[in-house]
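Enquirer: Listed below are the residues making up each chain.
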Amino acid sequence: MTFDFLLPDRETKPRETGITMVLDKGLGYEYAKDLMEISGNYVDLMKFGWGTAIIQNKNIISKKIKMYQSYDIIPYTGGTLFEIAYINDKIEELLKETKELGFTAIEISDGSTDMKREEKLDFISIAKEEGFYVLSEVGKKDLEEDNKVDLKSRIQYIKEELKVGSDKVIIEARESGKGIGIFDNDGNAKTDEIDQIIQKIDNNNLIWEAPNKNQQVYFVKKLGTNVNLGNISTNDIISIETIRRGLRGDTIDLLKRFNKS
Amino acid sequence: MTFDFLLPDRETKPRETGITMVLDKGLGYEYAKDLMEISGNYVDLMKFGWGTAIIQNKNIISKKIKMYQSYDIIPYTGGTLFEIAYINDKIEELLKETKELGFTAIEISDGSTDMKREEKLDFISIAKEEGFYVLSEVGKKDLEEDNKVDLKSRIQYIKEELKVGSDKVIIEARESGKGIGIFDNDGNAKTDEIDQIIQKIDNNNLIWEAPNKNQQVYFVKKLGTNVNLGNISTNDIISIETIRRGLRGDTIDLLKRFNKS
Amino acid sequence: MTFDFLLPDRETKPRETGITMVLDKGLGYEYAKDLMEISGNYVDLMKFGWGTAIIQNKNIISKKIKMYQSYDIIPYTGGTLFEIAYINDKIEELLKETKELGFTAIEISDGSTDMKREEKLDFISIAKEEGFYVLSEVGKKDLEEDNKVDLKSRIQYIKEELKVGSDKVIIEARESGKGIGIFDNDGNAKTDEIDQIIQKIDNNNLIWEAPNKNQQVYFVKKLGTNVNLGNISTNDIISIETIRRGLRGDTIDLLKRFNKS
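Protein chains in written order, with the working numbering: chain A, 1 to 261; chain B, 1 to 261; chain C, 1 to 261.
To be clear, the hints were calculated from the coordinates, so they are not data collected in a lab. Computed from a predicted structure; not experimentally measured. Warning: the hint list may mix true and false statements.
[As the list claims (entries may be wrong)] Computed Cβ-Cβ distance ranges for the label pairs, DEER-style: (1) ASP142(A) x ASP186(B): 53 to 61 Å; (2) GLY131(B) x ASP114(A): 51 to 59 Å; (3) VAL149(A) x SER62(C): 47 to 55 Å; (4) ASN57(A) x ASN185(C): 43 to 51 Å; (5) MET1(B) x ASP89(C): 54 to 62 Å; (6) GLU175(C) x ASP186(B): 17 to 25 Å; (7) GLY179(A) x ASP195(C): 52 to 60 Å.
Glycine included, C-beta positions come from ideal geometry on N, C-alpha and C.
All chains, full assembly: derive it from the sequences and hints.
Expert: Below is the structure:
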């Protein structure tokens, strides 16, 4: 590494905490490969966002999956894909092709559909039994729908999903990070709600979607270097890693924590 | 395609409606090629934005034109380029070189100049006669200037331009999509104005510039899968296609419309 | 060039004014190379932002440095890197490796640390004596800290830094350009402050960080084509050059100034 006398350590992959989940919303293969060459070490999970996989060529998807895996990154399909299969009553076909393509992980969500709680929990168990690393997501994509879920229920849902097999539960914030779940309309975090969640749930089991820089800084300052963060833009992979390690102005005060001196 | 049992149909290119016009504001050749390999099927028109072509190397422009055309995409030059030629009294030279470079389409606008109505209509006729696919744009780039044009005149202008030869008329929203034309300062659509326009003009003849996701969702929900949309960022080509087909949370309710079940 | 009968002249590189400083926050090598092929002529300085260099592979950094230099671009390391070395008492090691990697320029800042004024001035002199092209930056990255520095002091600091060896002084605006230094919370320029600065300092010695388009337009309109601008996104290199030359709607009125007619 460059200037390695200034490089603060971080646990290496595969790791259980300090996970960075990145959003691939349709990168070309060569671009993705080039980007991973410079930053693949800092990505743990790569999400093929929502239903984007459906309109991409199977050959390119397969090549991207293998390429990401060669960097010890776990690629997986977004929750909306699962919901599209649910609407069409094609869950079995979905799981089959997901495996055939080489995916080892899957996201199960109910953010855009009226899936019943018991159904969602069943799907999580099934996917787990079939050998998938399972990410489930809590939160509705529609603001009005999302507001109907009170915090107590939200916490209960997270607990249930972890119990039946979810490896991590994702806290919804969408690509925008504004006016949804734990973020207000300006993208500021609702600290009270976050505090209540982490009082009841082991933070290591959660991935906080935090697409905007101020949100990433907020979580690293509040919950430490090894907070799990998601929906990171492919443009910000290097940036989020510098924020975690105290190598950007916003978190330089953290630098002393893992300084080599 | 991946998960093709979940893929809703769409009319294929070349098509008259459901057009996606994308903004190339200076992509490198290899990057553009890589991007088209994964998403070129979802692009109908590729605009070399404003005067960007002028400061790009002729070889690269020629290569990009051919490459885009190999994916059945129509590349064309932005309206501001035409206006720059107009200011310099070089329209003839412009049309000549545009053809020589291999462009088959051109945009004619008056958003930044005091071109007279009759002049603009003449230019549209001339370009059409010379064999170009002609896009014309209605709207001023300056907010104050834009506000001076009342809706009745705007509708009249669109009609006139279609009559003298425009293949499609573009409704101006710039790269930002805020505080201009049909969008307010927060980028929200002015539904009243849009309704009045589509009462008087066949919507298939219009391309709505809609650079932001909420705008794209708005138009697809309001005017359907096959609304013509423009100024789509090169980062959002896959996303806009998922929005059209109901494969993103925002429009998943549309999915039933074209479901294969 | 394409349509070169429409191309307004600009002084060529290397140049003392009209400088465009671009922010590389972790581009892959192939992507950067491809981008420079189309737009490298319009970049004077390329900053490896804040501490990003530390977590990039030495081979890739070296290749990027050489590639940028082959386009007559001066690559350099961000000020936060210098501050990280300062905190760790590793300035000597930093300067040594910076040279070994092939950098000929360096940025010295105190935006995130409590470096004393005399220390900063000493570092500038030392770097200058060691043969570096020195950029120094004035401004605090934290809003509260930044507000404590009054304008008179700010101007005094700039003068001192130029006197001891800075080739250019950068006016801080961060990657966001909002709520910092000369920009208010909405990213609008504080004209009064800017006027006072340029009354006291030769504008050619300053680089204004201006990441957002409205800011770039503002400075080009206010201070002319050849204002020095910084923190330009790699996505906006072609755009900023068109803004400078009057080839975008926002500045088309400037076109007559350097028109070839």
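Enquirer: Hint by hint, note whether the structure agrees.
Expert: Here is how each hint holds up against the structure:
The beta-carbon spacing between ASP142(A) and ASP186(B), approximately 19 Å, falls outside the hinted interval of 53 to 61 Å. At roughly 53 Å, the beta carbons of GLY131(B) and ASP114(A) sit within the given window of 51 to 59 Å. Checked against the hint of 47 to 55 Å, the C-beta distance between VAL149(A) and SER62(C) comes to roughly 51 Å, which is consistent with it. A C-beta distance of roughly 44 Å is found between ASN57(A) and ASN185(C), which places it inside the suggested range of 43 to 51 Å.
With their beta carbons about 57 Å apart, MET1(B) and ASP89(C) fall inside the hinted range of 54 to 62 Å. Separation of GLU175(C) from ASP186(B) is about 23 Å and conforms to the stated range, judged on CB atoms against 17 to 25 Å. A C-beta distance of roughly 38 Å is found between GLY179(A) and ASP195(C), which places it outside the suggested range of 52 to 60 Å.
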